[in-house]
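S.K.: Sequence:
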Amino acid sequence: MPKTNALPSESELQAMICLLDDTDQEVVEEVSKALLLRGPQVVPFLESAWIGDLPLIARERIEELIHQIQWNQCKEALLAWNLGDQEDLLTALIWIARIRYPDLDESELRNRLESLRIEIWMEMNPCMTALEKVRVINHVLFKIHGFRGNTANYNDPQNSCLNKVLESRKGNPIVLCCIYMWLATKMEMPVVGVNLPQHFILAYLDDVTEDISAPKALFYINAFNKGMVFGEKEIERFLELIHLPANPRYFRPCTHHDIVIRVLNNLIHGYSESGKQEASKELVELRDVLVEENPWRTLHPEDQTHPNTEENPGSEDADRHGPNDKDPGDKDPGDKDPKGFSDFD
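Each residue of the sequence shown is one higher than the last, beginning at 1 in our numbering.
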């Protein structure tokens with residue numbers, strides 16, 4: 001929605017806000033439209049008015065306006081990211097988190113990540129093997145800081161919000177993988193996301209492979225289970241257990257766009273499970289636009305993450321409990337390896 005740069009005076013804004021309890025619906029709609037056009041800059045005025053002495057109907061309309069303004073801001077930012085080179089995954093994840101937490105402190109979030117990066121960098125040695133480097137990240141992330149999969153409340157939308165995962169140190173597979181991947185990339189480690197159905201994982205690529213169009217994974221990493229390392233055979237066994245063929249795309253790197261869509265699928269599923277159908281519906285619409293307007297979708301159409309139906313959002317491309325994780329329905333939040341993923345460590 002286009003916004004106007006002209007911000008009315010405080011007295012004019014107050015007058016407009018007072019009209020939100022008008023009995024004439026046309027007046028309310030015109031005022032609401034005018035406030036929406038001003039975008040985020042009017043939110044502080046709306047919030048101040050909300051805590052003032054206003055009729056209930058006006059307060060409800062203010063709440064809806066604030067939500068709509070903040071939603072539009074997030075949507076526009078994600079659409080702009082989608083139409084760009086899609087390289088900056090962290091920025092996209094921050095905007096997704098802002099959908100639920102509009103007052104998110106981006107500086108604090110980035111500082112948390114930077115602090116983890118420095119700790120890992122202090123432990124790194126250029127002569128380390130790939131597995132030794134992974135052990136360093138695992139030690140800092142999972143042993144020192146206690147990051148872990150949230151098996152007790154697996155479908156909580158909070159698990160898909162980067163800021164809350166960094167605060168609570170609990171999350172779902174894909175956001176834990178995103179944190180791990182960001183840190184590994186900062187260490188110049190070739191770690192990428194893999195869109196395995198029902199459980200997002202990471203691959204540590206063989207950087208000496210000759211065929212750059214089909215990168216080979218040295219091994220895979222499950223950030224949801226403390227950085228457990230495993231191989232292709234374990235993925236094949238997992239796919240057999242969930243009755244899916246061993247499609248090549250389940251073993252190779254996915255795009256940042258795939259990751260964004262899958263995070264949204266997890267949010268959609270989480271909101272649906274908690275009965276928040278309106279929030280789920282908004283996200284379905286956003287996800288579908290991001291898929292349809294992805295400028296890179298024609299490069300590798302066979303690898304595109306397709307949105308699922310609204311009735312069953314994210315049935316394949318959302319995270320469930322995975323091949324080496326405790327069933328989220330179990331009360332014991334500890335990890336186990338019921339399906340045989342080997343730990344190379």
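Calculated directly from the structure, the hints in this document are not laboratory data. Just so it is clear, CB atoms sit at the ideal spot from N, CA and C, and this is done for glycine as well. It is possible that part of the hints are untrue.
[Said to hold, decoys possible] Have a look at the derived ranges for each label pair, beta carbon to beta carbon: (1) Pro126 with Gly275: 35 to 43 angstroms; (2) Glu292 with Glu47: 47 to 55 angstroms; (3) Arg237 with Ile51: 39 to 47 angstroms; (4) Leu131 with Leu37: 52 to 60 angstroms; (5) Pro248 with Ile51: 33 to 41 angstroms; (6) Pro44 with Ile242: 34 to 42 angstroms; (7) Gly275 with Asp103: 48 to 56 angstroms; (8) Ser9 with Leu36: 13 to 21 angstroms; (9) Tyr101 with Glu293: 34 to 42 angstroms; (10) Ile118 with Thr91: 17 to 25 angstroms; (11) Met122 with Arg59: 31 to 39 angstroms; (12) Glu232 with Asp105: 17 to 25 angstroms.
S.K.: If you test the structure against every hint from before, which numbers come out violated?
M.R.: 1, 2, 3, 5, 6, 7, 9, 11 and 12
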